[in-house]
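Enquirer: Order-wise, the sequence lines are chains S and C. Counting from 1, position 12 in the first sequence corresponds to residue 356 in the numbering used here; the numbering is continuous, with no gaps. Counting from 1, position 298 in the second sequence corresponds to residue 1790 in the numbering used here; the numbering is continuous, with no gaps.
Hints are computed from structural coordinates only; laboratory data are not their basis. Please note: incorrect hints may appear among the correct ones.
Pairwise CB distance ranges (calculated) [claimed, not checked]:
| hint | chain 1 | residue 1 | chain 2 | residue 2 | range |
| --- | --- | --- | --- | --- | --- |
| 1 | C | Glu1622 | S | Lys518 | 18 to 28 angstroms |
| 2 | S | Phe405 | C | Glu1622 | 52 to 62 angstroms |
| 3 | C | Gln1544 | S | Ile359 | 52 to 62 angstroms |
Idealized CB from N, CA, C, for every residue including glycine.
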Amino acid sequence: MRSKLEISFISISFIFTSILFLIIGSLFVIPSFEGFVNAFFSDEIQFALRLTLSTSIIAAFGVMIVAIPTAYSLARYNFPFKSAVKSIIDLPMAFPEIVLGIAILMLFGNPLIGSILHSLGINIVFTTTGIIIAQFFVAFPYSVRILYSTFNYVNPRYEFVSRSLGYGELETLKNITLPLAKGGIFASSVVTIARCIGTFGAVLLVGGGTYLKTETLPIAIYYNLSLGSIDNAITAAIILVLISFIAIFVLEKYAYQNIEGAG
Amino acid sequence: MFLEVKNLCVDLGQFHLTGVNLNLEKNDYMVIIGPTGSGKSVLLETIAGFFQPQTGKIFLEGEDITNLNPEKRGISIVYQDYVLFPNMNVFENIAYGLEKKVKDREVIKSRVYDMADRLKIEHLLDRNPETLSGGEKQRTAIARSLIVEPNILLMDEPFSALDVNTHAYLTELIKKAISDYQTTCIHVSHNFNDVWSLAEQVAVMKNGKILQQGIVADVFSKPCHNFVADFVGVHNIFEGEVVGKSKGITDVKVNQNLILHSSDTDTNDDKKVMVAVRPENIIFSNQSFVSSIRNQLKGIVTDIILIGPTVWVEVDVNGTTFKGIITPSSLDILGIKKEKEIYLSFKSVNVKIIDEEQSYSALFSA
Ligand SMILES: Nc1ncnc2c1ncn2[C@@H]1O[C@H](COP(=O)(O)OP(=O)(O)OP(=O)(O)O)[C@@H](O)[C@H]1O
Ligand SMILES: [Mg+2]
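Same shape as in the complex, but just chain C (with noise of 0.2 angstroms):
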């Protein structure tokens, strides 16, 4: 592992950090997300060094950094504001970090220059760091902190301050450099787009904790609380109730809709619990058909929305409201009309559980 986070808690008195693990492998690009104040900043300024941890440990390399001064950690940072030095200009803003470890000037020189013309960023060399744009600041900052070679990267919501056009075209740009400088980064942000564009790892993080972490796919897909599911865009979660258990065949009942579940899991008979499925799992048909999916119910479409590429429909069985994501072209032959009766199916593996207690022990706990 080259990054381990162990049971990291931080106490800054009206906020805490609590049992926060991390693993990164070397080259990862981690993406966290969560809610504002969740704690994210401060996770990555304590990685960094700028909080003492109370409890946990901090694994570089198979070597603890707990303790280790920032300035001997070989992690870098970029901020949200960017906080480009205003005694300096660009170009001795890009060096100041390689200078400490680079004396020959010529050296420097060839390297901000390098690095400059990958961001594209080499015609503002001598500006003052005032005048810069919202992306050029952003591109400054962000060279400063690779030029070193960073152990590890951190970016805390470096995109925030740009356009969505900006944001598309730099993303790019700023992928490029950091995978050519085969650095491993940790990257704070709000946006989705940040996770399915750049990242290989997700972490969710929510009132000092971290709920879930893992592969991009794995989390999107198979969410382990309420909160990562909703926070993620899992749309289909509903509150029910165990009424049944079988063959590693969990039967929930939501409002009066059977919904099964496979795999084992630990809940009792009556015991409340909240399911969710992912729009995408979810296959409409005219008819009902027999095969080996297990859910199939029925229910009135009442809503048809064009999001980007791809269509959601909304579907009410008995009174609960299920989203469902399909092509155009499925739309056109299904014939797929408000107030349409339709079959909705999606296989028993693709129905997953969330405990109750933890999940909304998740939303609440501090």
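Only chain S is shown next, with the shape it has when bound in the complex (with noise of 0.2 angstroms):
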């Protein structure tokens, strides 16, 4: 016999991922396949999917680079701020990217920064490197955040023992850390990959959101659906979908069956 509160909980449950997945769904109802095709090989379409995939690949691959040191050391080393350095990187999870987007917008297109970078050849602002920095930005936090707790669940005994076994500190992240942390390394790429591609607010203010030169699928939905090109706006969503979809797929497939050197 299942209680009152079991069931109310579990219908609440129910009813809602329903209208969820409904409202998921209505996406794929819309367009006719005609028009979805269509959609898909155009100029416009075709070049954001390119522009999305390869900035967030670039980005996901710079934020891994980076985060994984960080959350190695917020996880083993103790430093002076390192609970400043947390609650910063943690920060930009709590307000909407669109406010990191300005705040980079200001860094980078101040007189001053913005002439030093320019004379080095460096352009941040309404460019394609603007949205790879905006997604970095946005990305780096979660992909910290999951890291850290990866790390945490190593033991670190399994590294003093390779290291009373004769091993220095590179090659014992190399040989048992790294492949330890696989599961979780795997996960927050993922996860890292799939934020680097839905983000909106940030990449259009750094990238400016120019036809064919800065515009990604989520900008590509934003101006197609204002400028009432609906066909091409819900395909752009349902790419973003699928990826997701994919995303997810890969994650639980080999990042949750994995997690070594727990405990």
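Both chains are given apart, each in its own frame, so use the hints to dock them into the complex.
Expert: Given below as structure tokens:
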């Protein structure tokens, strides 16, 4: 016999996941198949797809390179201002990414910093580089979060044993820690890429969302919808949903089945 | 001296190791015992190089290794939970440290097989460590640490997860392997059998301090702290008062009994002290007799307990309970029964005086 509480909680979870499913599913009902194919192969969507994937992969790669040492040091070492570092990293998760976007714009659009970077041949405002930077900072906190708990789960005694057997810190990281954390590293990469792909506000502000130049898929949805090109907008949305499905599928399949070295 | 730990202090915030000294000769086997939370694991990890001491030094063969990286010390460690690398099979676990030193695959293979053969785990070499039993994991972990021929092998309660029979069997196996490899060992244990069956040296630890270190027989027969005496199983510890001193003999009054202690102590009259007598040093007799034995007390047998091949006899002497240990045949010959009157004798040299201040500070200080 199920209790009343049990029944009502289960009902709530059913009702709201059904509504969510309905919402997502409705996307696939709206365009005609022909409309979808035409939109998919249109210059705009093709460009946006390529731009989104390429910037996201580069940004995610950069995030992982920085997030692994960051998360590792938060999990293992004690250092001054450690809790401040933790809060600063968590901060962007709490405020809208568009705020992060305007902040990046202010910093790099600043005449002094902007001109220094310009003289170095780096242009950030309204460029692809800007998109990558916006994606980087939006996704970075999520990546650190996952990696931090992963490294916390890897018992430091594995590392001690490895070192007591003659391996230095770097070799131990390579032979023991990273292999034991591979599930979490993988999960974190998938989440990071997904986050980069989905970034809208920050990318719009920093990249400028210029047609066939800095227009990513989320921006394409917004533009096309406001211009009345429903097919293009929906198609861009469907592509994003499919990418998310793939990400979640991969995540479920590989990441959670082998988080090793726990305990 | 092979390993010398000098006045080591480690600060972990809430916990401190204070003024730890240890001395070990090559091929010594030392067992460290002490209650939970006394800092045994922290001490091992400091010797291995995972904690930096605030003050103090560690010398290995005369060389100061206090600031040397763990991987440069040649000190390997076996943990209670064994921490076998889950990303490697048993063979790879054992071979791991060797691969750093030896590049020839054939040499590695033959050495791993040899080690596995000694520890009777050769049939497990391609198993995943998660599938091993506790005893198998333990032997794999010891093999992994021993195969690199470390300067010192540290073992943190390696037997605690095993049942009694396995424990006895593996003790022999591991003792043999360790002595064949001529390895100097420090072994942390809660179990006195480990001390008797393995150790040459014993150290007793409490609250981040080593209370006493020395040869097993010495520490057990001459505990220098109340706590050590209690912990290592000296059962007859009494509180008394110094009532007189003459010719190297101190008279201590315990309840109404006078107990004589030989050898000079700096105790004054009226001073409260603890006196201890080991149960095996108590001689039972049916009559009083005159001899060089200075302490003779009359009491009533209150309990007779068989423990393994020995008999523990508890005797009440004017409200103080003494415990003695004898053989079953002595029990028969003397006809010892409950309620029977009996004489206890023990030599004054076998009476240990423990200064109360020092023992109490050892008991309660952090
Ligand atoms: N990294 C650390 N940081 C702070 N405190 C620690 C750390 N490691 C251990 N301690 C503390 O040091 C004290 C001693 O711990 P330790 O593990 O050495 O005890 P132990 O004698 O090995 O006990 P047991 O017999 O239960 O294993 C404990 O109070 C523990 O909480
Ligand atoms: Mg411990």
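Enquirer: So the hint says 52 to 62 angstroms: do the beta-carbon atoms of glutamine 1544 (chain C) and isoleucine 359 (chain S) match that?
Expert: 57 angstroms, holds
Enquirer: Lying within 52 to 62 angstroms: is that true of the beta-carbon distance phenylalanine 405 (chain S) to glutamate 1622 (chain C)?
Expert: 33 angstroms, violated
Enquirer: A range of 18 to 28 angstroms was offered for this pair. Does it hold for the Cβ distance of glutamate 1622 (chain C) and lysine 518 (chain S)?
Expert: 22 angstroms, holds
When each numbered hint is compared with the structure, a violation occurs for hint 2 only.
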